[in-house]
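Colleague: The lines below spell out each chain.
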Amino acid sequence: MPTAKKVREEKLSEQLPRLLAAIEASGRAVSARPKDALLQSIVDAAGHIFGAAAASILLVNEQEGLLEFRVAYGASDHDLVGTRFPLDKGIAGYVVMTGQPIAISNVRQDARFNQDFAQSTGYVPTSILATPLLAGEHVIGVMEVLDKLNAASFGMQDMGLLGIFANQAALAIEQSQQMDQIRDTLVLGLKRLASADPSQPLTELLRQLQKDPGEKRGGPDVLALADAFNEISTLGEPERRACLQVLKTFADYRRSAHRLRA
Amino acid sequence: MSADPNLPAWSEQFTEEAIQQLTASGPLAKLSPEWAWGGSTGKGVRVAVVDSGVEYDHPALEDCVRGGVVVEYDEAAENYVRIEPDEQPCDYAGHGTACAGIIHSLAPQAEIYSVRVLGKDMHGRAIQFAAGLDWATEHAMQVVNLSLSTSVEEYFGLFHDLADQAYFKNVNLVSAVNNLPAPSYPSLYSSVISVAAHSGHDPFIYYYNPTPPVEFGAPGIDVDVAWNNKQYVTSTGNSFAAPHIAGIVALIRAKHPELTPFQIKTVLFACAANTRRK
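Chains as they are written, first to last, in my numbering: chain A, 14 to 275; chain B, 44 to 321.
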């Protein structure tokens, strides 16, 4: 009859390869930089390339039914960041609802435009182009550019181009969310291992991970592990398997060492 | 969904430099816009607008809305959707009202039905869309305007079947292609009439593209359209090109009820502004 502890450990050793595969799948594209810096660089690039007076990225908060300004460039200023408004308001709300990009000129006459809100930001645009950030068919946010310089409105080519930027932003958000999930899963796995033997140094790593994710030792360790595994994987299938085997053997060794002491 | 930077945006095929001169020869040369839709008002043709709903009492629609349905996502229901009648349809987004307004401006006596598949619920959109399209095909609609599409690969087969089903039931599906340079369904199937935007403003000027998938270009840039809450706005997108063609198809079907979907596509080709008839 296996003890509860033993069952726990065996589950962990089964899960480790899966966890590592997930880390591998997330790839190196996950930047160690905070995700908002990446989004900011995307919105800055879009603003410059379109010659727009302003640009911004809003993210959907489904639980609260809200859209929140995450990053902004230009005339709309950084005051916008963190501002929230209902999902069904304004042109961004329209894009969320339909999942379709839209370009509009004469925005001041537009019934969709959340006029009170725009006035409260101190900047009211005359033309706007907004496109969804999509994860599959799911709208996770909206990217918009305002007031094209030297043109009355945004055209179809602008729409296609903004779609490419939006795609980048959506990938950055998705991958950052995946990374968070993987870290959470790893924390859970380590927690199980650590709770099997509280005297082991793993508890320290776990503590670090929980205390200050992504910045102190824990975050970079997880990324370093992902990097190392990725690098080895590029050498070929036998190398990848060998790497997994080494880690698995180490996990087994830890388990047997633990058992001997018990 | 992802935009592919290597693909041109669909509407680029309808820029002034890109439009090709085509020829309709033999019997096709006899098909003219005058023959095809001259004098027609679209009377009695049933047109479904599968979209965000239609504001039935918008003044621009002049009481042409005859009813419709709402398709809602419901995990507990069979096929995950619930379809409810909607005798006095509304529109929370404005998009569907814009499409209905364009169709009505071309075919003032066509009967418009709202099939509302877009709403605040962010889940199950493609399933709602598919169920709405199925409803339209099964309820004797003759023209269905689809100014929306899905880019989710796993729905390729489902929408392909639905498009074939419509084609075999003598229903013309008029589908806006994706605004982004990425494939979307059902706009890329040969059984549908796929439409992108050109920058002209004459509602009867449309072009044929001899290198599909996107076959027709109609006005869709800075178009003045009806919107919800009895408003009007100026908008850009392939969404507003498709209903121009849907309106013309309604006119043709009213005048020539014997024509089938593939014959109508041929008539559209022969009457395109870039087709010379000789």
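For the record, the hints were derived by calculation from the structure and aren't laboratory data. Built from N, CA and C at the ideal position, the CB exists for glycine as well. Wrong hints could be hidden among the right ones.
Stretch-level coverage of chain A by chain B, calculated; a stretch enters the list once three of its residues show a Cβ under 8 Å from a Cβ in chain B [said to hold, decoys possible]:
(1) 144 to 157
(2) 187 to 195
One side of the interface only, derived from the structure: several residues of chain B facing chain A at Cβ under 10 Å [what the hints assert, rightly or not]:
(3) Ser54
(4) Ser242
(5) Gly243
(6) His244
(7) Asp245
(8) Phe247
(9) Thr279
Colleague: Each hint needs a verdict: does it hold in this structure or not?
Modeller: Hints versus structure:
{"no.": "1", "hint": "144 to 157", "in the structure": "holds (count 6)"}
{"no.": "2", "hint": "187 to 195", "in the structure": "violated (count 0)"}
{"no.": "3", "hint": "Ser54", "in the structure": "holds (4 Å)"}
{"no.": "4", "hint": "Ser242", "in the structure": "holds (8 Å)"}
{"no.": "5", "hint": "Gly243", "in the structure": "violated (13 Å)"}
{"no.": "6", "hint": "His244", "in the structure": "violated (14 Å)"}
{"no.": "7", "hint": "Asp245", "in the structure": "violated (18 Å)"}
{"no.": "8", "hint": "Phe247", "in the structure": "violated (21 Å)"}
{"no.": "9", "hint": "Thr279", "in the structure": "holds (4 Å)"}
In the structure shown, a violation is registered for the earlier hints numbered 2, 5, 6, 7, 8, in ascending order.
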